[in-house]
Amino acid sequence: MAFLEYLSDPSTQRELISQTLDHIYLTAVPVAIAVVLGLGLGILAHRSPQLRSPILSVVSTLLTIPSLALFAIMIPIIGIGAGPAIVALTLYALLPIVRNTVSGLFSVDNAVIESAKGMGMSATKRLWKIELPNAWPVMLAGIRVATLLTVGIAAIAALVGGPGLGQEIFTGIRRIPASGSLESLLGGTLFIILLAVLFDLLYLAIGRVTIPRGIRE
Amino acid sequence: MSDVTNSDTTSHLGEAAEPGETMIELQELTKRFPGQEAPAVDRLSLKIPKGEIVVFVGPSGCGKTTSLKMINRIIEPSSGHIIIDNEDVTTIDPNQLRRRIGYVIQQIGLFPHMRIGDNVATVPNLLGWDKERTRERVDELLDVVGLDPRTYRERFPRELSGGQRQRVGVARALAADPPVLLMDEPFGAIDPITRNRLQNEFLRLQGELQKTIAFVTHDIDEAIKMGDRIAILQEGAKLAQFATPEEILTNPANEFVQDFVGTGATLKRLKLTRVREVELTDDALTGREDEDRETLRRRLAESDWTAMLLLDREERPIRWLRTPDLRQQQRPLTEAGLPARAIVEPQATLSDALEEMLLGSAGVAIVTDGRGRFQGLLDVDDIILAIQTMRDTEAEFYRAAKLSDPDDEVSA
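Read top to bottom, the protein sequences are chains W and E. With the first letter of the first sequence counted as 1, position 125 gets the number 125 in our numbering; the numbers rise by one all the way through. Every number in our numbering is 217 more than the matching position in the second sequence, counting from 1.
A couple of the hints might just be wrong.
Quick list of in silico lysine-lysine cross-link-like pairs, DSS-like style, CA-CA up to 27 Å [as the list claims (entries may be wrong)]:
hint : chain 1 : residue 1 : chain 2 : residue 2
1    : E       : K428      : E       : K485
2    : E       : K267      : E       : K428
3    : E       : K264      : E       : K485
4    : E       : K348      : W       : K125
5    : E       : K348      : W       : K129
6    : E       : K267      : E       : K488
Cβ-Cβ distance ranges computed for the label pairs, FRET-style [said to hold, decoys possible]:
hint : chain 1 : residue 1 : chain 2 : residue 2 : range
7    : E       : D347      : W       : I80       : 55 to 65 Å
8    : E       : G479      : W       : R52       : 41 to 51 Å
9    : E       : G405      : W       : I206      : 49 to 59 Å
10   : W       : Y25       : E       : E376      : 34 to 44 Å
Derived contacts from chain W toward chain E, CB cut-off under 7 Å, selection only [as the list claims (entries may be wrong)]:
hint : residue
11   : G118
12   : M119
13   : N134
14   : I215
No wet-lab data here; the hints were simulated from the structure. Just so we're clear, the structure is a prediction, and the values are computed from it rather than from any experiment. Every residue gets a Cβ at the ideal spot worked out from N, C-alpha and C, and that includes glycine.
Model the full assembly from the supplied sequences, consistent with the hints where possible.
Right under this line is the structure:
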């Protein structure tokens, strides 16, 4: 069981844990930026019928660019390292967030909005007190998808010198067929999967806390 | 206003025939939607007297809802003016305006993420009331609409039935005690039995609150039941007739109104008279559940009644008892005889009472007050008598009205 030996080696453990922390950073930062941008763009797209289709087409197109190419494009612009990776990952994370923000806001019952309006709530108050809380479950689902997507794509950031578990995977790939190469590849992958599961559980908890009880499934 | 219009045929007509102060006035109100040639509402002018329910009724697409929604400017009018309580509100801040107008819509639109108490507190919160005052008001209103605050305050809308949600909708609209209420098919999405009950409760409430209400429905029966006045609208919100329910039934202004009102006008008139307006049999023989069987039996034997109505300690009717039921000893009195069916409240219409009698296979309806306490009996003969009187007085009334004053509102 070469893989178990690989995992029980203290230096490997240190390496994997440090890469996992980098990977969390590489996921959390782009997602956080994408949440801020994405909610803004989503609210804008919901409000303005003129801007809706341009915004949605741009963020959809971004996701169709192969990740390898997008990372490569970033090198001449920003250089190598975590910077270009964060920019590229932010762009990828936008689509699910923007799209779910828009559809979440559209899913709020018209009667609910009309009655809020009829009681004299201003547009801003309606957005914060009525529309966003009711759209939140759908929006949160978008943020969750964006996070899982980012965890996966972040591995490729290692190609542009980015940190994270991608380094372990590419170390393995480069050394094939040398001994230990398969273990590195599997080790990196396993930790990415574990990280994805952890993020998923985190979102479950966030949902529990933040989704108002009256609309929880 | 001539003397004739003041003559009191039924109290319902008497109240409505003399409009008091105007609360809402629509002046040449017009709405054109972009891309539509004909205006949805074309120069509608109408006065709604203070404390009355005016029902906008008409076929779908006649512009009744658009007209209503222009009053709180959910739909902004293209031209014309809205005057509320002598103030032109056509151009004031719509949010300020709306906080003074209660708004109830068919789909209710409770905020699903908020508890019932917070839903009701919406407008008080917008107006910046302090917590204590808001809380008291919320509890008071839930009580008013018949929902126990302790049970319902902390619940969420989805935990309530359709009828209960509609009650909350009404409570929410009344929260800041607005003088004006707009109701857009408020009982439209509710099953017929609950609807009837909610209508009656609402009328009782209105008797106390005396709000000025604009009410939209497509159902002429509902219009007749709820309205002090009815505005029958044709396409483009053209006013086909604006009059009391009595006059619309007796004296439709044109063929459109006649068609819309439909057949069965006599039966519909049963909906105009309320149980409280007819004389009840109030000397009915009653007994209380805590009385002795033998006392009850003797009282029944000495009367000319064949059955006695058993009341509980709160004076609520529970059973009909005959002599044999009082003789037997095996079953407790509360299970003997027949259950007291066909119970109506004073604000129910004669039509409701008749229906209850038919449903309960009873020849008599039991009338109770708001708390369920026994008030009297109403039997089929009383209803027939009421129909006859109604017809006679109405015929006389309109004959007189036409002779004395052709320009009077009644024939306008």
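Now for the hints, and whether the structure bears them out:
1. For the given pair, K428 of chain E sits about 25 Å from K485 of chain E by alpha-carbon distance, which is consistent with the 27 Å threshold.
2. Proximity of K267 of chain E to K428 of chain E is assessed by CA-CA distance (about 7 Å); at most 27 Å being required, the pair is judged to hold.
3. For the proposed pair K264 of chain E and K485 of chain E, the alpha carbon gap of about 26 Å is at most 27 Å, so the pair holds.
4. Between K348 of chain E and K125 of chain W the CA atoms are separated by roughly 19 Å; this keeps the pair inside 27 Å, and the hint holds.
5. Under the criterion of a C-alpha separation no larger than 27 Å, the hint pairing K348 of chain E with K129 of chain W is consistent with the structure, at around 18 Å.
6. For the given pair, K267 of chain E sits about 23 Å from K488 of chain E by alpha-carbon distance, which is consistent with the 27 Å threshold.
7. A C-beta distance of roughly 60 Å is found between D347 of chain E and I80 of chain W, which places it inside the suggested range of 55 to 65 Å.
8. Between G479 of chain E and R52 of chain W the C-beta distance comes to about 46 Å, which sits within the given range of 41 to 51 Å.
9. Taking the beta carbon of each, G405 of chain E and I206 of chain W are about 39 Å apart, not inside 49 to 59 Å as hinted.
10. A hinted range of 34 to 44 Å holds for the C-beta pair Y25 of chain W and E376 of chain E, which are about 43 Å apart.
11. Of the supplied interface hints, the one on G118 of chain W holds, with its beta-carbon coming within about 3 Å of a beta-carbon of chain E, less than 7 Å.
12. Annotation: M119 of chain W was flagged as interfacial toward chain E, and the flag holds, the nearest CB pair being 5 Å apart, inside 7 Å.
13. A cut of 7 Å between beta carbons decides the hint on N134 of chain W: the least distance to chain E is about 6 Å, and the hint holds.
14. Given hint, I215 of chain W at the interface with chain E, holds; its Cβ is 5 Å from that chain's nearest Cβ, closer than 7 Å.
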